Amino acid sequence: MINYNPREWFTFIFRIHKADTVKKLFPMFCAIAIYSAAIAWLELEVFKLSEKDHIKNITSMHGLLGFVISLLLVFRTNTAYDRWWEGRRQWGALVNNSRNLAMKIQAMLPAGHPAAAFFRTMIPNYAYALKDHLRGEHHPSKLEGMSAEDLEKMGTGIHIPNYIATLILKKANELYRQQVISGEQLITLNTQLEAFADICGACERIKNTPIPFSYSVFLKKFIFFYVMTLPMGYVFGLGYLVIPMVVFIFYVLASLELIAEEIEDPFGKDANDLPTEMISANIRKHVQEIL
Amino acid sequence: MINYNPREWFTFIFRIHKADTVKKLFPMFCAIAIYSAAIAWLELEVFKLSEKDHIKNITSMHGLLGFVISLLLVFRTNTAYDRWWEGRRQWGALVNNSRNLAMKIQAMLPAGHPAAAFFRTMIPNYAYALKDHLRGEHHPSKLEGMSAEDLEKMGTGIHIPNYIATLILKKANELYRQQVISGEQLITLNTQLEAFADICGACERIKNTPIPFSYSVFLKKFIFFYVMTLPMGYVFGLGYLVIPMVVFIFYVLASLELIAEEIEDPFGKDANDLPTEMISANIRKHVQEIL
Amino acid sequence: MINYNPREWFTFIFRIHKADTVKKLFPMFCAIAIYSAAIAWLELEVFKLSEKDHIKNITSMHGLLGFVISLLLVFRTNTAYDRWWEGRRQWGALVNNSRNLAMKIQAMLPAGHPAAAFFRTMIPNYAYALKDHLRGEHHPSKLEGMSAEDLEKMGTGIHIPNYIATLILKKANELYRQQVISGEQLITLNTQLEAFADICGACERIKNTPIPFSYSVFLKKFIFFYVMTLPMGYVFGLGYLVIPMVVFIFYVLASLELIAEEIEDPFGKDANDLPTEMISANIRKHVQEIL
Amino acid sequence: MINYNPREWFTFIFRIHKADTVKKLFPMFCAIAIYSAAIAWLELEVFKLSEKDHIKNITSMHGLLGFVISLLLVFRTNTAYDRWWEGRRQWGALVNNSRNLAMKIQAMLPAGHPAAAFFRTMIPNYAYALKDHLRGEHHPSKLEGMSAEDLEKMGTGIHIPNYIATLILKKANELYRQQVISGEQLITLNTQLEAFADICGACERIKNTPIPFSYSVFLKKFIFFYVMTLPMGYVFGLGYLVIPMVVFIFYVLASLELIAEEIEDPFGKDANDLPTEMISANIRKHVQEIL
Amino acid sequence: MINYNPREWFTFIFRIHKADTVKKLFPMFCAIAIYSAAIAWLELEVFKLSEKDHIKNITSMHGLLGFVISLLLVFRTNTAYDRWWEGRRQWGALVNNSRNLAMKIQAMLPAGHPAAAFFRTMIPNYAYALKDHLRGEHHPSKLEGMSAEDLEKMGTGIHIPNYIATLILKKANELYRQQVISGEQLITLNTQLEAFADICGACERIKNTPIPFSYSVFLKKFIFFYVMTLPMGYVFGLGYLVIPMVVFIFYVLASLELIAEEIEDPFGKDANDLPTEMISANIRKHVQEIL
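Residue numbers (our numbering), protein chains in the order written: chain A, 2 to 292; chain B, 2 to 292; chain C, 2 to 292; chain D, 2 to 292; chain E, 2 to 292.
No lab work stands behind these hints: they were computed from the structure. Some clues are possibly wrong.
[Claimed, not checked] Heads up, simulated DSS-like pairs for lysine-lysine below, C-alpha to C-alpha not over 25 Å straight-line:
| hint | chain 1 | residue 1 | chain 2 | residue 2 |
| --- | --- | --- | --- | --- |
| 1 | A | K24 | E | K221 |
| 2 | E | K221 | A | K53 |
| 3 | C | K53 | D | K221 |
| 4 | C | K286 | B | K208 |
| 5 | C | K172 | B | K221 |
| 6 | C | K143 | B | K53 |
| 7 | C | K154 | D | K286 |
| 8 | B | K25 | A | K221 |
| 9 | C | K49 | C | K25 |
| 10 | E | K171 | E | K286 |
| 11 | A | K154 | B | K286 |
| 12 | E | K221 | D | K171 |
| 13 | E | K171 | D | K154 |
| 14 | A | K171 | B | K171 |
| 15 | B | K172 | A | K171 |
| 16 | D | K24 | C | K221 |
| 17 | B | K171 | C | K221 |
| 18 | E | K208 | E | K25 |
| 19 | E | K270 | D | K208 |
| 20 | C | K172 | D | K286 |
| 21 | E | K171 | D | K221 |
Please read all numbers here as calculations on a predicted model, not as lab measurements.
Can you build the whole structure from these sequences, using the hints too?
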């Protein structure tokens, strides 16, 4: 994620950031400029179509469909943003959950009980494991205090966050069987203990379920034909000025689709993705402060 | 569900996928093209209506109603998408729930207790049973480790997911009565045990409740009359170009309605439906990893 | 509720269903057609207003206010649909709750305990009582296994769903006092036991709280004046064609308001209302399958 | 709250109800009519501006900004309605909560235990106290069965709903210490016992937090300048007809803002406010039926 | 936060409040006025472009993109407002939680138990600590009754709200170990005890996650180019009147973006920020009333 000060308008407007859609779409801008120029040249100079030609009025279609395409792009933006924000909320829940579990363990264990060290390493390990799991990676070096046996098992392609969550659940039930914590205390730990798998499942759901295929196809086809037919009608009113206009309209429509695509899977390493690395580090820091 | 890379614009735009609305609507496109051509021919060549005829100004109605139809189609899209996404969330909840139950059972049971095998087969069985139940099917071969008696009962037309959920609840209460798990542990299992029926009920609700009949009828009538009256007015400005324009506008409006219809019942085998088969297989895989 | 196949476009478009707004609004269509014809006749033939008269440009007001009226009608549609869907969710919750309670009772009670029969009749009774309560009716014949004393009390105008919920809660606490179920088991029953009153309250809230009076009045006034002034300006461009245009625009605007009115109280017997009768029957069927 | 039949269109359209925005805005209508007439007179008869004057085209600005103002007013309407509906949901939750607590107490207490009388009066007292608290009032006469000591304390300006909630919590814990109810029963009462303060807090939040100041100011400025500049451009097309048009547009825009203002604080005695008085009376009635 | 009476229209419209966007944007207004004047002078008097020049029709682009920019600004407004409102809800939850915890402690502790004094100071301390934490400040003087040791530790840069929440959790578990409160009572305290960390995490999430960078950049670029190209086309119709028109359109668009920026981080000291100071004081007042 890029940290930025939303109030610095000027640098935003004139600097082309690496994640900027202007940069990504630049080759398309050129192609569309050439296409528009060709249409204008053909209509104005080759076929010498007059202002009275019917093709001029194709612009009325663009007016009518302008609402639909705008509303659909905002629908697209909304759903993509909702996933991004839900991803953020899930990682926020992981923070809350890690802290609450650490605080409760700290409040329940007798001073100096060895299980504190277990939770002190395992709770942050879960965050690191989940981050890497969502990126399809595995970095055992980030996981602290795992036994050699655990590390070996985790290298066999199993679901690593589940494995760590099971270890945490087992330890809590073991403490209960050893009567270090009472049954009532186990109940108060339950929300935190089951939240790990819930958060992991929610993130997997966001990651694995893009917007339905049909909408994605439809929207791209719609934008394409809308933009491709734009210069045909507007060339009569605008002449060669139709070139920057079509490029600008394409910039607006395609940017919205592009940003939505980038944002709807928020767990990667794109410029707009969530700072899961930093959140994991914060969880480790705060859990170690508490325990 | 179709897995796709949302960033491959060109294949999207030019390939006609089998679930593509272009394919489904093709016969309608032809009919509407013929209808528009007929209207154009009648108005321009038979009746030779001049530009000053009142019918030309019917286009102002299309302008005024353009907002309403766009907003209604986006409302339709939103509600259909919300159901699809809620369906996905329910199946995500089933994943979380199955994992959490398996992990807790694993943490609570003494090593080697025979009940582990029961949960190892029954938790994934629930997912398979629910998937088939939502499709109005029954595939006993997908259910592992069911007794002959259970299989027989399930063949009598009873509600199979309920039957399996009851078996799981009974086993948990039996373990409690046998004091294998304590009362406090039973309480911590409760959320997972009752989630099965909640998820099943929510999926049935989505499946059995399409958008209210009146909206569905109204929207179809509205699209129909809107598109049918389109060529009457625009033919004066556009001539025979009115044919592709009307077809394209119909493509946009009808696609939105068609996709919404397909998506609002997300548990079937349509191209856009949820991958419940794959999710069930994943549940089996992960539960077996854990237990 | 009407069961329908949303993909049968043609029957939808040409059949006038009994709940169809076309049918309900037909007298209004006639009145508005006559009104528009009168306006057109007066302006064109009596006063012989020319195209240059100022009244022609009143159409610019309709253009400006077209957005607002469209957005307001979609706001209206959204809020009405949300109530309908929330009502459906509450009844879905009643299904889940009834099933879960039946399953848990079945798992907890020793085989052959007489309390099973009590829950087997009382859980479905609650659904029937709630359905009738929301319709302001009382059908004792639908309630199975009630004692004569209970039936008599219920005839005195008391809140019947509350009465049945109290019976269920009392029975559960009685089983606990008799140590048939343990304290921990009582806790796991708690969510289901308290859901009855929550669902009932939510349905009563939806039923008793229409959209605020001011919005309802404002929207009706707005539609009325908008449609009444429509023919005044458009008559110059459209001549007597203004009649079908005004009727069609009125059809669209008034239909949205009418459907919203019908749908926002979803517990009656209107064509679009929820199938609470059928859901109650299903609850009885499934609870009897389980217990 | 006004009870009304949403299907009586005609009385709605022609009757001016006391809460009607037409009545409230009437002085403004006159002012705006005079202002528009003055603008029209100045432009048409004093300065005799011709149709070619640049000021005529100021209308294009109104077209462009028409979307923004419509969308903002719908945003305003949505947020105000959401508060109103959330307030209603909170009071619905109070109903559910009061009923559930009464039912549970009834199921748990031995027949004839004196604590029943306590809950029978205190649960409805909470609703009455909350209603008056949200209106900044205090009516001790509405509270039944309070001891003289309690009434005296409540007269000292303390937070009365909190005081009553504390009494209820204390009684429940006292019953637990006296072993009238068991620990497990106390746990099942917990949701209801803590809901009182949650509901009170949510209502206070809605009451004390209007829409951010900046939006409120911005929207009013925007409506004002939008309407004030309207006659300047439209006078050329509409002549003195600009007067009713500007008044009607002002009616629509200002009504939306006015209704939103009235509705966003739903606990007062305005015509559109929630029927908290009636809900409190219903809670008393139903709790007394149960206990 | 500014307390205001939303019904005082006139003071709102004519007074320039310090948080008013008119004040903040004033330098930009001047720059844009000069720019527009320059464009008008160049086009009308230097190049003497006639009404037939193509550049006149660039206005059609502004019409087409008017929907998109309006919808995007409303999307921006919605997301910013949602954060602001979620922040308010979290602080409301802190109020509810503090009250409920105080009431429960009061109901559970024997009269005169010294732990009451601990909760009486620590619960409000949490609110003060959270407020300062969200502003990146630390004011030990606001925290009552902290031991010297605690104050010293809190000065070392640790996460202060977490530290206080841990103290509260420890005290509750200590009371449980000393059998002052029973296991069941500990369970009923659990929701309140774990809410502290959840609320803190949610506020941190809102504070640290502005809208994705790409949207922020895109929207600013879009507004900038939209406004910059406005005078080019409209100058032909409006002459020098284009200057106030462009300034007014810029005012509307930029105000929405500016207010959204201010509001999406609601925990600071800006004019529109939440009254966290006052809420903290209220929590102290009410907790001291109860305990």
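Cross-check of the supplied hints:
Distance hint between K24/A and K221/E is fulfilled; the C-alpha atoms sit about 16 Å from each other, no more than 25 Å. This hinted pair does not check out: K221/E and K53/A have alpha carbons roughly 39 Å apart, beyond 25 Å. A hinted pair counts as satisfied when its Cα atoms are at most 25 Å apart, and K53/C with K221/D does not qualify at roughly 36 Å. Restraint check for K286/C and K208/B: satisfied, since their Cα atoms lie roughly 19 Å apart, inside the 25 Å limit.
About 52 Å separates the Cα atoms of K172/C and K221/B, which puts this hinted pair outside 25 Å; it is violated. Pair hint K143/C plus K53/B does not hold up; C-alpha atoms about 68 Å apart against a cutoff of 25 Å. Taking the CA atoms of K154/C and K286/D, the gap is about 16 Å. The hint holds against a cut of 25 Å. Between K25/B and K221/A the alpha-carbon distance is near 18 Å, which keeps this suggested pair within the 25 Å criterion.
Annotation: proposed proximity of K49/C to K25/C is violated, straight-line Cα distance about 36 Å (limit 25 Å). Note on K171/E and K286/E: the hinted pairing holds, with a Cα-Cα distance of about 24 Å set against a maximum of 25 Å. For the hint linking K154/A to K286/B, the alpha-carbon distance of about 16 Å falls within 25 Å, and the restraint holds. A threshold of 25 Å between alpha carbons decides the hint, and for K221/E with K171/D the separation of about 57 Å lies outside it, so the pair is violated.
A C-alpha spacing of about 33 Å is found between K171/E and K154/D, which places the hinted pair above 25 Å, so the restraint is violated. For the suggested pair K171/A and K171/B, the alpha carbons sit about 23 Å apart, so the restraint of at most 25 Å is met. The hinted pair formed by K172/B and K171/A meets the criterion: a straight-line CA distance of about 21 Å does not exceed 25 Å. Straight-line distance between C-alpha atoms of K24/D and K221/C comes to about 16 Å, which keeps the hinted pair within the 25 Å bound.
Between the alpha carbons of K171/B and K221/C the distance comes to roughly 57 Å, so the proposed pair goes past 25 Å and is violated. Between K208/E and K25/E the alpha-carbon distance is near 23 Å, which keeps this suggested pair within the 25 Å criterion. The hinted pair formed by K270/E and K208/D meets the criterion: a straight-line CA distance of about 22 Å does not exceed 25 Å. For the proposed pair K172/C and K286/D, the alpha carbon gap of about 24 Å is at most 25 Å, so the pair holds.
Proposed proximity of K171/E and K221/D is contradicted: the alpha carbons are some 52 Å apart, above 25 Å.
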